[in-house]
Amino acid sequence: MVTVQILTTPSCTSCAIVERMLDKMGIKYELIDITKNPEVLQKYPIMAAPGVVINGKLEFVGVPKEQELAKKVRT
Numbered sequence: 001m002v003t004v005q006i007l008t009t010p011s012c013t014s015c016a017i018v019e020r021m022l023d024k025m026g027i028k029y030e031l032i033d034i035t036k037n038p039e040v041l042q043k044y045p046i047m048a049a050p051g052v053v054i055n056g057k058l059e060f061v062g063v064p065k066e067q068e069l070a071k072k073v074r075t
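Numbering (the working numbering), first residue to last: 1 to 75.
What follows is a list of derived Cβ distance ranges for each label pair: (1) V63 with V2: 16 to 22 Å; (2) P38 with K65: 26 to 32 Å; (3) K43 with V63: 18 to 24 Å; (4) G26 with K65: 17 to 23 Å.
I should point out that these hints are in silico values taken from the structure, not numbers from a laboratory.
Given the structure is predicted, the values throughout are model-derived calculations rather than measurements.
Glycine residues also receive a C-beta, built at the ideal position from the N, C-alpha and C atoms.
Can you build the whole structure from these sequences, using the hints too?
The following block contains the structure:
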């Protein structure tokens, strides 16, 4: 089973786009607010949100193309 985390901030409007894509694919995910969990940035040093972590690996920073996201979560 795939594990997906979205690294987000309270003002991240692009994060909702990624959430909708994953919802459409039927993929469950965890939202991690990096302003409340700054230690996450030590492991996944992103400069902009969203960051998309799949199975413990930072796969995307920013909004990925839907086809690319689908390929990563289904492999």
